[in-house]
Structures are given as C-alpha cells and as structure tokens.
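Peer 1: Okay, here's what each chain looks like letter by letter:
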Amino acid sequence: MSLLTDLINLDLSDSTEKIIAEYIWVGGSGMDMRSKARTLPGPVTDPSKLPKWNYDGSSTGQAPGEDSEVILYPQAIFKDPFRRGNHILVMCDTYTPAGDPIPTNKRHAAAKIFSNPDVEAEVPWYGIEQEYTLLQKDVNWPVGWPIGGFPGPQGPYYCSVGADKSFGRDIVDSHYKACLYAGINISGINGEVMPGQWEFQVGPSVGISASDEVWIARYILERITEIAGVVVSFDPKPIPGDWNGAGAHTNYSTKSMREEGGYEVIKKAIDKLGLRHKEHISAYGEGNERRLTGHHETADINTFLWGVANRGASIRVGRDTEKEGKGYFEDRRPASNMDPYIVTSMIAETTLLWNP
Amino acid sequence: MSVLSDLVNLSLSDATEKIIAEYIWIGGSGMDIRSKARTLPGPVTDPSSLPKWNYDGSSTNQAAGDDSEVILYPQAIFRDPFRRGNNILVICDAYTPKGDPIPTNKRHNAAKIFSHPNVASEEPWYGIEQEYTLMQKDVNWPIGWPVGGYPGAQGPYYCGVGADKAIGRDIVDAHYKACLYAGIGISGVNGEVMPGQWEFQVGPVEGIGAGDQVWIARYLLERITEISGVIVSFDPKPVPGDWNGAGAHCNYSTKSMRNNGGLEVIKKAIGKLQLKHKEHIAAYGEGNERRLTGKHETADINTFSWGVANRGASVRVGRDTEKEGKGYFEDRRPASNMDPYVVTSMIAETTILG
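These protein sequence lines map, in sequence, to chains U and W.
So that you can map any letter, position 218 of the first sequence is 219 in this note's numbering, and since no number is skipped, the others follow by simple counting.
So that you can map any letter, position 56 of the second sequence is 434 in this note's numbering, and since no number is skipped, the others follow by simple counting.
Rather than coming from a laboratory, the hints here were simulated on the basis of the structure.
Check each hint, because a few of them may be wrong.
No farther apart than 25 Å at their CA atoms in a straight line, the calculated lysine to any residue pairs in the SDA-like style are these [what the hints assert, rightly or not]:
(1) Lys515(W) with Ile9(U)
(2) Lys19(U) with Asn464(W)
(3) Lys515(W) with Ala229(U)
(4) Lys53(U) with Gly639(W)
(5) Lys178(U) with Asp548(W)
(6) Lys53(U) with Asn629(W)
(7) Lys704(W) with Pro52(U)
(8) Lys53(U) with Lys701(W)
(9) Lys646(W) with Asp68(U)
(10) Lys53(U) with Glu708(W)
(11) Lys53(U) with Gly563(W)
(12) Lys701(W) with Gly66(U)
(13) Lys50(U) with Gly703(W)
(14) Lys138(U) with Gly527(W)
(15) Lys396(W) with Asp15(U)
(16) Lys701(W) with Ile103(U)
(17) Lys19(U) with Ala454(W)
(18) Lys80(U) with Gly561(W)
(19) Lys138(U) with Val617(W)
(20) Lys19(U) with Gly561(W)
(21) Lys107(U) with Arg697(W)
(22) Lys80(U) with Asp548(W)
(23) Lys673(W) with Gly62(U)
(24) Lys645(W) with Trp54(U)
(25) Lys414(W) with Ser3(U)
(26) Lys701(W) with Asp68(U)
(27) Lys53(U) with Asn638(W)
(28) Lys19(U) with Glu584(W)
(29) Lys138(U) with Arg547(W)
(30) Lys19(U) with Asp548(W)
So here's chain U without its partners, still in its complex pose:
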C-alpha cells in the first residue's frame, strides 16, 4: 500500500505546471457536499480567474434529466491539504444556465445581505462552533460505544484524554492541521460532553467568508473521516435520552459592538433577535426540536432567553464582554446541521437591517 501512497503523494511540480482544482458545492438536500476535480494549466490564487463549470444536477436532486446542467461559480480558493503542491479546493455556488441561483443556493442571498452598505460598514464578525458526532461505519453507532449498549454516563468526556474517554482524536487532529494548511481560520478544537462528539471553531471571520470557511472545513472533515472509515454526523440529536445534542453556536459582533458603548448595541441587537425568534428558529436547522429541550445546556425551542455566562439560555453574553462594556455575544440556538450562509446573514439582517 505504500506504493499507492507514493503515487497519491507524488509531487508533480518537477513534471508539469498543471494543477488540480477540486470544485466543491452543496447538493440537493442542503447538507450533502459534492465535489469533482479538473486539471488547470497553471497555479491560480484568484477565484475570479477560475473558469465556471457545470455538473449533472439530475444526479443531485437539483435539475431534471432533460435539462440537467447546473453551473458552478467559483467563489473562494483554499489550498488542498490532500494533494498539496499548488493544488486547490474551490468553494462554489450553483446557478441555472440563465444565471439565476437555484433554490438550494443559499450563498447568493447571503452575499447580497453582506454587500448591503449598512451591513458592510459594520464589518460583522462570526465565530462558529461546529459540533459533530463520529459514528462507526455500517452500524451508525458512535465511535467508542459498545455495539448494542452504551458507555458510562456523561461527565468524564468533555476535553478529556485517555483511551476510555476520548475516541477519534486522530481524525480531529489531522482535521485541525489540514484546515490550517488550507487557509481556514480554524481557531480551536475540543472534545465534547457526549463521548464520540467533538467540536471545532472557525473564526472570527468577516461576512460571507465565515460560511465559505465552515463549508470547506466540513468538506475536509468528510474527506478525513472517509479515509478513516468512520462516518461524520451533523444530526442535532444523534442519540435520544440523556446525551447532549450537537449545535453550531454562532458568536457575533459588529464594529459598534466591539467599540466603546458596545454593550448597549449588543443588548439592542439581542432584543431584535428576541422579536424574530420563531423566524430564526425555523431557519436554524432541521430536527432542532429534538435538541433544544431546555436540558443539556440548551434553552427550550419555544423560549427566547438571554443571560451573562448562562449556557441554558438562547443567547449567552460572556463575562468579559459585560465587564469591558463591549465585545460579542453567542447565539446558541443553531443546530449542527444549520447552513452557515443562512444563519450568519439572517443574524446580520435582523440586527442591522430589520426594524420592528
């Protein structure tokens, strides 16, 4: 097998200028990631220089068979941690041949919101805490859990170390380095409360870039679990009962929030979010009602509640922010399977563009 590895790791830079670009997009379910690769004549660093491409939308639930072409518009470039060299990963969004975003393309509307002058002027920052669960292949049961049974109850696993407490660290650590290599602004990782569950954080990143980076980080995680023979689940409540769910807490701040007097701006923004609780919840991920129960460090899905250092609230403001009178806040409602384009742009829209 090392002969195969030699080939996979071949450094082509002595043989050719050509590079491989992996075009990545979101498929018809809104959560399935798809990708395919093409050869380009030389290195590219600017996405606007990459050619548009197309794929068979009838095979991803995004077009009918007799009019199947869906067009890929390259939006952001990252270095490919698998092929390395000058090879790249390209985050794309999807359009009809006539140039309209297809219904599952959530990036297009988000980009519009982020380029609104009132939003741009506030330089919105996002830090997204992506939780996920690793499952054993073929049985769909979390890694490290005995088949047909359960591990000891939650308690020992959060940020733990040791073969009986931490399962899958090789995946998490290779993902961390791969993301850093790729140019993703990955800010940290930790083992989560439920055994087999982990979290990585992306941010702070500005505007639409935060979402591009989360999607590419998800893609890299799927590629790494594929190599490891393990399945990654973004389900918000993978195991019912006394086991934590998985969220995608979204930390947020604007220029005004980060400056003197920012705490008042934060409180006003939280009030606006409270007035649109139902609208946000319906866009924060499928199946979230199984997770937002009021237990396991969540607020009940029908309640809007905020507090300082309160992990049982919908929105948590950190003690530092309260003390300094400026900073950021954390929306704890989004589920792990949320679409970051929707969540980040909706938070910006409600707090900066919407008025009651």
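Let chain U serve as the given structure and place chain W on it in line with the hints.
Peer 2: Using the frame of chain U, we list chain W on its own:
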C-alpha cells in the same frame, strides 16, 4: 515490506544510464492489456528511436503455436509513474512478421483515417469520459457493497464525499497524479452515480493521440488496482437492475465546429451520425444493449436522439455550445469497454469523410 518498497523505488540514475521500457499492447480479446519490460542503453524520448520487439501471440490468442511471433511497433512514449526516473511506458500496436496489422490491431486503421488529408485538416479533438467500476477481489461484487446484499439506493454517491458515500478514492487520486506524471492529458475525475463507480476524462487530445492516451490511462488504472488488491471492471452494466451502467461518452469537435458558424456544422455532423446509428452501435462496445435501455441517463439502443443538455439522448450538445453558436458535442452511446481507436476514427470517418 519497506525493504521491498526501497528496492522498487530505487533511483538508478547514480548507478547506470540504462533505462527500463515497458512495452504495452492490446491482447486477443480486444480489452485485455498486456505488457513486458526491456532494458535500453539510455533515455529515449522519440518512439521512432525505439526498437521493434515481439511477443508470444499464441499465449494471447493472437497467433498459432507453430507461428507464434507477433511484432510490436512502438507508437507513443509516456513517463513511467511506477519506476519514475527516465524509465518509460510505450504503447505499441501488433503486426505479423510480414508487416500486416493482425486482426485485433485497431490502431492501424484508425491512424490511416486520421492521416487522411480531409480529416487531418479538420484537427479533430476528442474528450473521452471513461467510467469504470471497482470490484472486490475474489467475490466480484462492487467495493463498499455488503457481500450478499446491496447498498442504499443511488442518490448520495455522485460526486459524494464521506466513508458511506465514496469508496476507493485513494485509487482514483493515485491514478489522477500518475496520469499527469506520465504525460496523459487527464482533464478531471469524479465519483459516479452508482457507488463504487468512478470516471476520469482524457482530453481534449487530437486524432490518434486520444486512443493512445485512453489505453495508457486504462493500463495505469489496472496497475494501480493491482497494487490495491481491487479489480477494475469495464463492463457496461456490471450490476443489473436500478443501478447505472458504465459508459465512455465521447466528446468531439473539428476545426469548423470550433469556429464561427460551428453549430450548423455540428448539426450536420449529428445528422450523418443518425443515418449510421446501427453501424456505430455495433462498434461501440460488447454488451451495450444491457446498458442503453432509455433509463439511467441513457437513450434506448434502437433510438437515435439528440438534444441540448439532455442526458437521456444519444448525443448531447452543451448549453455553452448552443449559446456561442460553436463548440463540440457529446456522443453518449459508447460503452465503457469500447475501443477508443475504433470509436474516435469512426466518428471522424462518418462526420468528415461520409
């Protein structure tokens, strides 16, 4: 095993000028690829500088036992991604000692068609989308499929990612880099609709080069699956039922089609292909009737149809070509086990000389 890998990967350039040339040819079934290696005194980049060779045709169903020598004529050189250094792969075609192409040699006739002045002046380009299925060794069941059962229905696998959706990517990625290293014009790869099925594309390549490059790419794939302990199948319908088949869609254009007014030239060419549908189908691969059913993104084998962006047609014209009034079209009929020498030359013959 690392001692063995050290030897396999030995760089000989400090020890000797000699190189190893792997001569590759197509055997008696028309789909079995054969090869053997010889030492040459120094690096060679021009195929006409390579010596002719011969092999035992009675062991490949290509000659009788009492007159078994078949002569190999070197036709194209590629860099060897397994031996690296100055070592080479050589695609050859096969002749009798008297100099006649043996019956399974399809390259010779294709080369004749491509050197016809009317064809050569039209600079025909080909982009071939080679689909294939990876099978578990010994059980002949696709990789990733449970033995004795089936995976979940098609939907999640096309361009999919994740251990439950994409199986065999290490083979595909090793093959992509190996082909680039070798000098093959490989233009992309993607996971296909049926789990365990993949596709690579070679092109655009002009004339006879397209056939040479597809055959060498197939050879590299067989060598890489050999290393992985997995079998590659070019059968056009490896699993019957609601599972996609495997094709070798052939994208094609001529100089006239690529220039202004090209769309009209394309439509005329498609018209000529329609008139010879039966002849083309007969040459487009054995077992294609199991694949061309009218379902699973194919057109029925007895029907000739064409359309823009229509994956259920025999021939598909892309939206870009329609919009710009020039470009290329895709013949979706050839099966994965087609002979690219036959298909590419036949398309040129029908559309340019017909």
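Peer 1: Of the numbered hints stated earlier in the document, which are not met by this structure?
Peer 2: Per hint list: zero violations.
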